[in-house]
Amino acid sequence: MSDRKEWPLWEVFLRSKAGLDHKHCGSLHAADGAMALQMARDVYTRRQEGVSIWVVRADQIVASAPDDKAALFDPMADKIYRHPTFYELPDEVNHM
Amino acid sequence: MYTQAMDLPNPDGSPTLASVDSEAREAAFNDRAGRGEIVEARDWMPEAYRKTLVRQISQHAHSEIVGMLPEGNWVTRAPSLKRKTILLAKIQDEGGHGLYLYAAAETLGVSRDELLNALHTGKAKYSSIFNYPTLTWADIGVIGWLVDGAAIMNQVPLCRCSYGPYARAMVRICKEESFHQRQGFDLLLTMAKGTDAQRAMVQDAVNRWWWPVLMMFGPHDKDSQNSELSMKWGIKRITNDELRQQFVDATIPQGELLGVTFPDPELRWNEARGHYDFGPIDWTEFWNVVNGHGPLNRERLAARVAAWDEGAWVREAALAHAAKQAARERAAA
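From first to last, the protein sequence lines stand for chains E and H.
Counting from 1, position 67 in the first sequence corresponds to residue 67 in our numbering; the numbering is continuous, with no gaps.
Heads up, our numbering is the position in the second sequence plus 1000, with the first residue counted as 1.
Misleading hints may appear alongside valid ones.
[Said to hold, decoys possible] Within a straight-line C-alpha distance of at most 25 Å, the following computed SDA-like cross-link-like pairs (lysine to any residue) qualify:
#1 E:Lys17 x H:Asp1093
#2 E:Lys69 x H:Arg1160
#3 E:Lys5 x H:Asp1186
#4 E:Lys5 x H:Ala1307
#5 H:Lys1082 x E:Arg47
#6 E:Lys5 x H:Pro1219
#7 H:Lys1232 x H:Lys1082
#8 H:Lys1123 x H:Asn1297
#9 H:Lys1123 x H:Trp1308
#10 E:Lys5 x H:Arg1330
#11 H:Lys1125 x H:Leu1135
#12 E:Lys5 x H:Lys1193
#13 E:Lys17 x H:Leu1189
#14 E:Lys69 x H:Arg1025
#15 E:Lys69 x H:Ala1041
#16 H:Lys1051 x E:Arg41
#17 H:Lys1082 x E:Asp42
#18 H:Lys1175 x E:Met39
#19 E:Lys69 x H:Asp1043
#20 H:Lys1175 x H:Thr1085
#21 E:Lys5 x H:Ala1317
#22 H:Lys1175 x E:Ala18
#23 H:Lys1193 x H:Lys1175
#24 H:Lys1175 x H:Ala1089
#25 H:Lys1222 x H:Ala1033
#26 H:Lys1082 x E:Arg41
#27 H:Lys1125 x H:Asp1282
#28 H:Lys1123 x H:Gln1059
#29 E:Lys5 x H:Ala1124
#30 H:Lys1222 x H:Asp1249
#31 H:Lys1222 x H:Leu1135
[As the list claims (entries may be wrong)] Now the stretches of chain H that chain E is said to cover, found in silico as 3 or more residues with beta-carbon under 8 Å:
#32 1105-1114
#33 1137-1146
#34 1311-1322
Simulated from the structure, these hints should not be mistaken for laboratory data.
Think of the CB as a built atom: it goes at the ideal place given N, C-alpha and C, for glycine as much as any other residue.
Work out the full structure: start from the sequences and follow the hints.
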């Protein structure tokens, strides 16, 4: 049984309503894109959770490695001047 | 996508470089899990944590799809079109729940085929409850009210489980599960307002399901080997006995609303404890069913294996079709 070829894995992204981003909601196996879309519709939008679906083959996603977390993201920790709250302005300056 | 590299132990049992390193990593991991941090798919994790999760998540997934069988038994005999569409929607949900969970297990580096193979060869377990028969229409209501009710008690704390993909699957499942329990209670309430024969049917179903449902929470805490480690890792948040008590406390008043009794002479409110007391569970029956000797173990497994085998040509044809389409597209480009 285990020597039989599996259908490839797809990642599913849903836009829950117009104006919002597509968001990852789950995965499924399907033989091709059309089937992945059909199955994503059946499985992930049974209660009108979405108005648009993206399916992407999982092996086509390029992802950062967990071990690179510090190297990639820690350098931003001390760049607090990138946030508006870093700047204390006089009260007279309203809503800037 | 998320396959984990595994260090094989030295044949003489001496520690490998990796295992010395991993002791320190394991201590750090236990610390983080203890603080309630979430572990994601490709993060480093102790092999025992990974194995525990694969076992628990796949068991859970198998339970969802085997759980479709006792309900499927009643689709053609539902008493009205309304009840039939509700039942179909619920069964479709269970299939979806199985998928979410298989997908979560696969992030731990096992393939879907391996998981299904473990189910089909009897190596993996599923919830003992689905080895009981659905004899009357009232059983469908009782499955929603009690079986799904017990499942919800178990599943809500899992939404805060330390493993991210499992926790997210559980959030989705819990949202959908509430409909399952409510439709079951609604079904029973309708029968309770019906004829004497219908009320007797409801009572009979409660009598047959009550004890197996209490067994769904698993062995007593003192007999549960995996519990302590699972608690430490944040896979489990509440113990079997605590969940069982919560379930009994929530359910007895609901039973009074339906006008049913429970088949337990020792069941009574304990003012001092602020909980219901209930009688001893027959663990011999539980282990018998778990170990394959329940009323329907063989039939359930045979149905799953047949569905898999009879679908083989469809899976192969779909792959062949996809390959042909892709080749055509390449030729046209």
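Index of numbered hints that the structure contradicts, given in increasing order: Hints 3, 6, 7, 12, 13, 16, 23, 31, 33 not satisfied by this model.
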